[in-house]
Amino acid sequence: MTLRNLVHCALAVALTFAGLAGLYLELGAQFVGFAQILVYVGAVAILIVFAILLTRSHEPLARSIVSPGWVASGLVAAAVFGILAWAVRSSGVSAPPIPPRPAVAVSQIGDALMSKFVIPFEVIGLLLTAALVGAVTIALRDQRSRK
Amino acid sequence: MTAPVGFLLVSALLFAIGLAIALIRRNAILVLIGVELMLNAANLNFITFWRYGANPEALTGVMFALFSIGVAAAEAAVGLALIIAVYRHFNTTDLDRIDSMRG
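Protein chains in written order, with the numbering used here: chain A, 2 to 148; chain B, 77 to 179.
Please note: incorrect hints may appear among the correct ones.
Quick partial rundown of chain B residues pointing at chain A, CB under 10 Å, derived from the structure [said to hold, decoys possible]: (1) V86; (2) F91; (3) I123; (4) A134; (5) V138.
Here are the computed distance ranges between Cβ atoms for each label pair [stated by the list, open to error]: (6) B:S176 <-> A:L133: 38 to 48 Å; (7) A:R5 <-> B:L89: 33 to 43 Å; (8) A:E27 <-> B:D172: 32 to 42 Å; (9) B:M177 <-> A:L129: 25 to 35 Å.
Because the hints were derived from the structure by calculation, they are not lab data.
Cβ coordinates follow ideal geometry from the N, Cα and C atoms, glycine included.
All chains should be modelled from the sequences, with the hints used to inform the complete structure.
Shown next as structure tokens:
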């Protein structure tokens, strides 16, 4: 968050995503953990690195990497964390005994995707297609008009 | 500290860091990274409550996290394409210099 070099920021965020995948595996959600590794560490981090390299400007580094109102913004973020932590600590969520680790096979997830969640599955396929086509269109528009 | 509270605290910390990045940094790509971190915090909450919740066999939390990962991927692709388009226009990704609509 305080790193000056953008590429270092991208690598740090990839590390964060990998750590989150480890947390998912620890929680017993194998499929989500590996999907996290594939999608975030594999795709989103690379996409961010590409965007950073494509938009690397030749102008000298800005005077400051933070926006003018950074003190207030930092206070807001700290307050949000304080409120969330207070809510988590004061709720009774820590009371129940730890249930046994649910054994979820990947085939169960596949069955659920194809039976109970088939409509959201189709919708997200459509959304991904539309979003990727839109992304390519937006990124290409300038070049086509320049020709 | 018992297990769900630890995970929830990690999630809250991740959300706060994402919020701080999105509010503080001036580079558009880093603001997008902050948004991604906040989405990941929400995913961690989904998985935690699925794991320690009442009915883990229903798979609802896992499904929601999977769909959320898909939506986040689409959002990252569109957001980065927009950033590249804006960069072509303004020749900078500094959000404080993209002010042609300032009144």
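Right, here's what the structure says about each hint:
no.: 1; hint: V86; result: holds, 7 Å
no.: 2; hint: F91; result: holds, 7 Å
no.: 3; hint: I123; result: holds, 5 Å
no.: 4; hint: A134; result: holds, 9 Å
no.: 5; hint: V138; result: holds, 6 Å
no.: 6; hint: B:S176 <-> A:L133: 38 to 48 Å; result: violated, 28 Å
no.: 7; hint: A:R5 <-> B:L89: 33 to 43 Å; result: violated, 23 Å
no.: 8; hint: A:E27 <-> B:D172: 32 to 42 Å; result: holds, 40 Å
no.: 9; hint: B:M177 <-> A:L129: 25 to 35 Å; result: holds, 30 Å
In this structure, the hints that do not hold are numbers 6, 7, in rising order.
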